[in-house]
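Chains as they are written, first to last, in this note's numbering: chain G, 1 to 479; chain D, 1 to 485.
Because the hints were derived from the structure by calculation, they are not lab data.
A few of these clues could be false.
Said to hold, decoys possible - Among the chain D residues that face chain G by a calculated CB cut under 10 Å, a handful are: (1) R108; (2) K110; (3) F231.
Stated by the list, open to error - Under the rule of at most 25 Å between Cα atoms (straight-line distance), these lysine to any residue pairs were calculated in the SDA-like manner: (4) G/K80 / D/R381; (5) G/K216 / G/G119; (6) D/K110 / G/G119; (7) G/K80 / D/R326.
Backbone N, C-alpha and C fix where the C-beta goes; we use that ideal spot for every residue, glycine too.
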Amino acid sequence: MSAWETVIGLEIHAQLATRSKIFSGAATAYGAAPNTQACLVDLGYPGVLPVLNAEAVRMAVRFGLAIGARIARHSVFARKNYFYPDLPKGYQISQYELPIVAGGAIDIVLEDGSAKRIGVTRAHLEEDAGKSLHEGLGSLTGIDLNRAGTPLIEIVSEPEMRSAKEAVAYMKKVHTLVRYLEICDGNMQEGSFRCDANVSVRPAGAEKFGTRAEIKNINSFRYVEKAIQYEVARQIELIESGGKVVQETRLYDPDKGETRSMRSKEEANDYRYFPDPDLLPLELDEAYIESVRAALPELPDAKAERFVAQYGLSAYDAGVLTASRDLADYYEAVARAVPEQPKLAANWVMGELAAALNKDGLEIGSGKLPAERLAGLLARIADQTISGKIAKEVFEAMWASGQSADAIIEAKGLKQITDTGAIERAIEEVMAKNPAQLSDYRAGKDKLFGFFVGQVMKATQGKANPAQLNELLKKKLPG
Amino acid sequence: MIHRQTLTQLAADLRTRKVGSVELVRAFLARIEASQPALNAFVSITAEQALAAAEAADRALAAGRGGALEGVPIGHKDLFCTAGVRTTCGSRMLENFISPYDATVVARLKAAGAVMLGKLNMDEFAMGSSNETSHFGPVRNPWNTALVPGGSSGGSAAAVAARLVPAATATDTGGSIRQPAAFCGVTGIKPTYGRVSRYGMIAFASSLDQGGVIAASAEDAARVLREMAGFDPRDSTSVDAPVPDYLAGLDAPLAGVRIGLLKEFFDKGLDPHYERCVREALAVFERLGASLREVSLPNIPLSVPVYYVVAPAECSSNLARYDGVRFGHRCAEARDLEDLYKRSRSEGFGAEVKRRIMTGTYVLSAGYYDAYYLKAQRVRRLIAGDFERAFGEVDLLMGPTTPTAAFALGAKTADPITMYLNDIYTISANLAGLPAMSVPCGFAAGLPVGLQIIGPHFAEQRLLHAAHRFQLETDWHLRIPGEYA
């Protein structure tokens, strides 16, 4: 056992999927030409004032309810003051002392299959800053304020994760949740979902936390894992060689696979938080909160439990199939269309379909193979029109052509041969062509049974019903 | 002479075509031009736009159309954003800033038909009580150009006093409408916080700033305020409540109105000549049937220290956006980002603004926040509570607007504390968010004296009613400095 224990807390920033910004009417769409989606409010023009977007509030409340947190009846927006060119007002409107969501929890499953509950200290609403652009501008810095004012919730966990893997599991779970709730598109490349990791180590068994470093702005699950692993190793090595961890902000460099210091505590800003006098405190009443609660979708954990009970799936399979709402919806559509075979549906969705999507870099929601199409294929397995093996061939053709399973089976003549007479004729032909193997088999070489199965399948282009074939061979081969 | 008419009379004459807007605008523009060397009330004069707007107003009036203020010339304090016309806020920082949009107040007055003649000088970012902090030079008091007009709405008050405009917009954060109105012998009203939209009104201290009017009379002020006030979905702190017709019931009798004399305002700092005028004014109210009684608000003496924590705190944050990046003054040849910030702000802001930014930054700093900002907010609530109790017993509170009449230019610039104490009677209404007025009530040693009237939240009508009844009995508000008469 390691002499050191790792302590990790995450601050996840999830961009809320509102159409307009949190305090202005400008659009939030990603990828527009620089500064074309920034109105006077976003630019911090003299005289402009913020007006809170009700949709952002509703989304934050949805999240709070989904993690069993307290929704503040009274929360306050505060100004976080610091100078930076991509922060137009010289302050960020955030929530400080009284956040909208406090005290929830996220359940994660560890590698050994056991469950762990991670506390969520708080989640608050805030506006995003713009972006500084350095490429292609020589010695100049460009400012793009399209992102300025985009609504975020910052989700702050308790320091309750003990390994990089736990941190990733937690982050993935939050990622799943926000997409289930349809409050964030979860697009990590575009920065819609990113995190800061607070990492420290302490001697195993110690009560007191070690000094932490904060790794800023990590935008992939893989980088979170690598950054934390690197940082943990760095801190242990530092301490073991007689050094001390200093409280600082660090950046993860994915190219070099290391974290490096950005600024120390001494250089840190004093943000001079105070309640924003331009915004009234946010008051939410019971009726509002209940109306948001009533509109909550079925959440991943509940859905997984239902899949186990309703479809007889293993907990693991149910977990995989509920990792995203799209995937779960897809699975259910297939399972409902082939009601007698829910496990077959699970195997195909997690197996062939997942592999094909992965190969083509597509998402489940891409529409490439609608659920009813896959269900059409599985129905042919279920009614024994084709075997599982032939089905894979049909699936490939479906994937490539977009045709239905029935059309492909028909066109390629792949319909399984279940006519006993036809199979018998094929067996007889094979026996006649392979007299040596037949006599060997009859002399006791039982292993040659498989040879005859293969030959008959070959002769029937794989269409012979495998069960029937087995039975008939067993009858005919002994002579 | 046309300029001696009240706004109410001018609006009526315009409506009946007794006078044309172009004629009126020409007359007032001529007065503005002539007064500039002596008074410096305007930062920008928008003659061309004004004449075009006046022509349009005349056409509308001729067709029997037009708003309540159709064709009436006004001026805007230079912190109300005006599309296409520079809005300087009295600062070098915004010397060349042209707003792409109109403030809500500007848009509403425009929609009512008012014609803007120009932008009025003011203390830099509305920080000052004498108009001496303006980057565009001080405004002088029309009653005596050796004296200050008060501030920060010094341009608005001086312009109305000298009848360069019949009325002007102004703002009041700690007395910036009432104190200059008192110093210049004009009528000014600061409405309830939330009554007039702050959208497009460049912020000094957001929880205290409130737009209002300076005019020759309470009736004129009511006429303009009626067009300015009301809910604005773009200002979250504006109040969604109907605006009463401020002109209705102005002539009703005052009998039975309970007036409280603010005991703490009649302190030893109050100039005896000034006090005599105020007490004579109170006697007029008594004659009109109002009852007088002394009321004590024990926490009022804490107003100045509370204000000089809260207002600078908010200002330090509000003024952070002036960083030389997107608009406003930018220093030449910045070496790096820090240099850009430091020099742009050092060059762009004047001394008083810097003093308040530094004070505000300090009181919000880690380790000082609780001792200063939080404590000040607690005391602020105590002061508001004092007023609430008082308004359980009386309908209106009255007292002097300022401790003395206008002082000489340069007299208080050396010592900021003495300057700050000039707002000792006006600040509390801002801290409590209450509507308050200053009404001319006499002359002390030849200089105008202001009577302050404070009411409960949204009692603008009650203030205007009392002021109007007083003005029916007196003619202090009709006095015009000799040179401009």
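Hint numbers not upheld by this structure, sorted from lowest to highest: Result: hints 1, 2, 3, 6 break, sorted rising.
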